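Could you put the whole structure together from the sequences, leaning on the hints where they help?
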Amino acid sequence: MSTDVHSLIGPYVLDAVDDDERELMERHLAECDVCVQEVRELRETVTRMSADVTTTPPDRVGRSILEGLDAIRQEPPLSEHSVVRSYRRRWGRRTHRTARILSMVAAAMVIAIVSSLLTTWLTTPPLEESDRIAAVLGSPDVQIAQENPESGGTVIYAYSTALDQGAAIVNQLGEPGENRTYQLWRIEGDDVASAGVLHAGDTSARFLLTGFSPDTVLGVTNEPAGGSASPTLPTVATVSLQ
Amino acid sequence: MNRDGRFLRNAEEEEAQQTATPSGEASDVLASWLRGAAVGDKKAFTAFYGATGPRVFGLCMRILKNHAQAEEVVQEVYFEAWRIAARFDARKGSPEAWLMTMAHRRAVDRVRAWQASENRDARFAAEAETVDALSAADRALDDLEHRRVRRCMKTLTELQRRAIGLAYYRGLTYRQVAELLQAALPTVKTRIRDGLSKLRDCLGVAR
Chain A
571 MSTDVHSLIG
581 PYVLDAVDDD
591 ERELMERHLA
601 ECDVCVQEVR
611 ELRETVTRMS
621 ADVTTTPPDR
631 VGRSILEGLD
641 AIRQEPPLSE
651 HSVVRSYRRR
661 WGRRTHRTAR
671 ILSMVAAAMV
681 IAIVSSLLTT
691 WLTTPPLEES
701 DRIAAVLGSP
711 DVQIAQENPE
721 SGGTVIYAYS
731 TALDQGAAIV
741 NQLGEPGENR
751 TYQLWRIEGD
761 DVASAGVLHA
771 GDTSARFLLT
781 GFSPDTVLGV
791 TNEPAGGSAS
801 PTLPTVATVS
811 LQ
Chain B
217 MNRDGRFLRN
227 AEEEEAQQTA
237 TPSGEASDVL
247 ASWLRGAAVG
257 DKKAFTAFYG
267 ATGPRVFGLC
277 MRILKNHAQA
287 EEVVQEVYFE
297 AWRIAARFDA
307 RKGSPEAWLM
317 TMAHRRAVDR
327 VRAWQASENR
337 DARFAAEAET
347 VDALSAADRA
357 LDDLEHRRVR
367 RCMKTLTELQ
377 RRAIGLAYYR
387 GLTYRQVAEL
397 LQAALPTVKT
407 RIRDGLSKLR
417 DCLGVAR
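Order-wise, the sequence lines are chains A and B. Here the numbering used here is used: position 90 in the first sequence is 660, and no number is missing along the way. Here the numbering used here is used: position 183 in the second sequence is 399, and no number is missing along the way.
Treat the hints with caution; some may be incorrect.
Said to hold, decoys possible - Derived pair list, reagent style SDA-like, types lysine to any residue, alpha-carbon separation capped at 20 Å:
id, chain 1, residue 1, chain 2, residue 2
1, B, Lys258, A, Arg630
2, B, Lys308, A, Glu645
3, B, Lys258, A, Asp711
4, B, Lys259, A, Ser634
5, B, Lys258, A, Ala641
6, B, Lys414, A, Cys605
7, B, Lys258, A, Gln713
8, B, Lys414, B, Glu374
9, B, Lys414, A, His576
10, B, Lys308, B, Ala242
11, B, Lys258, A, Ala763
12, B, Lys259, A, Thr731
13, B, Lys414, A, Arg610
14, B, Lys281, A, Thr625
15, B, Lys370, B, Trp330
16, B, Lys258, A, Val631
17, B, Lys308, A, Glu717
18, B, Lys258, A, His576
Keep in mind that the hints were calculated from the coordinates and are not lab data. This structure is a prediction, so every number in the text was calculated from the model and none was measured.
Structure (structure tokens):
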């Protein structure tokens with residue numbers, strides 16, 4: 571019997587079982603830690619397969635989701651409330667103090683990073699960058715703007731005044747073409763400077779943006795591989811917080 | 217070793233290095249947005265939707281092959297995600313898996329209800345899909361992640377690949393898969409599991 575249930579793990583993870591079999595499997599999972607672990611791993615595996623099929627939904631879908639949220643009663647956490655507590659603590663009354671601490675931390679990080687970057691910039695990817703991007707996205711005062719280019723995908727621009735830093739998330743844009751690449755730009759009036767170049771052919775990336783302000787516009791263009799000194803128009807996306 | 221051989225090895229090494237970090241980093245960002253959503257932060261949830269929407273919609277379109285139905289399921293999925301965001305537990309899996317599991321389940325439920333009510337000829341539809349499911353894995357994809365998935369799919373046997381593709385991208389039950397591929401039920405069950413395990417090892421999913 572249990573051998574039979576075990577062999578259902580594959581179809582179960584793919585939702586390729588009927589309701590009775592699903593119930594059977596879930597009863598079994600309640601008693602089998604090893605199986606729970608296997609299901610988790612296979613779910614992560616199957617999820618990677620979905621990276622294969624992406625289509626940008628029409629704007630109306632996002633709008634109607636946002637409009638519908640107020641009508642939904644959200645569930646509290648199942649066990650402990652630590653998630654809510656830590657989140658409220660970060661976002662609640664102590665915001666100013668948190669922001670000050672964060673900016674001090676950021677300043678310390680900048681000093682540390684600048685010195686280490688000088689020696690490692692060209693040889694290794696800056697590991698701190700992902701942390702700093704996460705810090706921008708998680709900061710209490712973060713402002714976020716987003717655009718979905720017609721050619722597909724998403725460009726998100728986030729900026730934190732407290733950290734004086736921005737972050738760009740470029741997600742699954744249309745294929746740039748052979749020997750082409752996407753490039754990011756810092757646009758302030760007539761002053762335009764490169765803010766990062768994706769690897770040729772890549773359609774997703776994350777960048778830490780320095781020298782940006784809340785008034786800066788983030789531009790994305792399609793350029794020859796390696797990037798250009800000035801942007802090739804038309805832009806793929808322009809994102810501003812205003 | 218000739219030049220081509222060397223190039224291939226380097227490309228694979230590069231791939232292995234690069235895929236190790238970005239997915240974890242993306243998951244961290246998504247998880248932080250979910251934590252925001254859990255306490256009612258719509259801005260965080262909007263960002264979460266912006267980053268994941270194309271993947272959810274793409275999967276729904278692929279399974280349902282109907283724009284209006286896919287849009288409806290996407291809405292349902294994100295309403296559900298908003299409702300139970302507090303239940304997301306990073307120790308139990310990535311935000312992507314949490315979301316895509318919900319999305320796949322809902323899309324599959326919808327397509328099965330629809331097939332039943334329309335008394336649709338599943339065999340015919342599934343046959344058309346066989347080609348699709350295979351080409352999905354073979355399509356020229358330029359993202360590292362896509363390249364990697366494609367490469368790993370190629371390590372599977374024909375039967376493993378077809379069975380997994382039909383179930384995942386089409387929403388067929390393993391019984392329907394067995395019938396379509398004219399294989400015995402126990403064989404299909406084990407091939408799916410073995411195939412997924414092989415994919416897991418090839419993709420380097422954390423154990």
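Cross-check of the supplied hints:
Distance hint between Lys258/B and Arg630/A is fulfilled; the C-alpha atoms sit about 17 Å from each other, no more than 20 Å. Proposed proximity of Lys308/B and Glu645/A is supported: the alpha carbons are some 18 Å apart, at most 20 Å. With a CA separation close to 14 Å, the supplied pair Lys258/B and Asp711/A stays within the 20 Å bound. With a CA separation close to 15 Å, the supplied pair Lys259/B and Ser634/A stays within the 20 Å bound.
For the hint linking Lys258/B to Ala641/A, the alpha-carbon distance of about 13 Å falls within 20 Å, and the restraint holds. Restraint check for Lys414/B and Cys605/A: the C-alpha separation of about 17 Å stays at or below 20 Å, so the hint holds. For the proposed pair Lys258/B and Gln713/A, the alpha carbon gap of about 12 Å is at most 20 Å, so the pair holds. This hinted pair checks out: Lys414/B and Glu374/B have alpha carbons roughly 13 Å apart, not beyond 20 Å.
Note on Lys414/B and His576/A: the hinted pairing holds, with a Cα-Cα distance of about 17 Å set against a maximum of 20 Å. For the hint pairing Lys308/B with Ala242/B, the CA-to-CA distance comes to about 16 Å; that is within 20 Å, so the pair holds. Of the pairs offered as hints, the one joining Lys258/B and Ala763/A is violated, with about 32 Å between alpha carbons and a cut-off of 20 Å exceeded. Simply put, Lys259/B and Thr731/A have alpha-carbon atoms about 17 Å apart, close enough for the 20 Å limit, and the pair holds.
At most 20 Å may separate the alpha-carbon atoms for a hinted pair to count; Lys414/B and Arg610/A meet this at roughly 15 Å. Simply put, Lys281/B and Thr625/A have alpha-carbon atoms about 12 Å apart, close enough for the 20 Å limit, and the pair holds. For the proposed pair Lys370/B and Trp330/B, the alpha carbon gap of about 32 Å is over 20 Å, so the pair is violated. As the CA atoms of Lys258/B and Val631/A are separated by approximately 15 Å, the hinted pair is consistent with the 20 Å bound.
Only pairs whose Cα atoms come within 20 Å are accepted, and Lys308/B paired with Glu717/A is rejected, the gap being roughly 32 Å. For the hint pairing Lys258/B with His576/A, the CA-to-CA distance comes to about 41 Å; that exceeds 20 Å, so the pair is violated.
Checked against the numbered hints listed earlier, the structure breaks hints 11, 15, 17 and 18; every other hint is satisfied.
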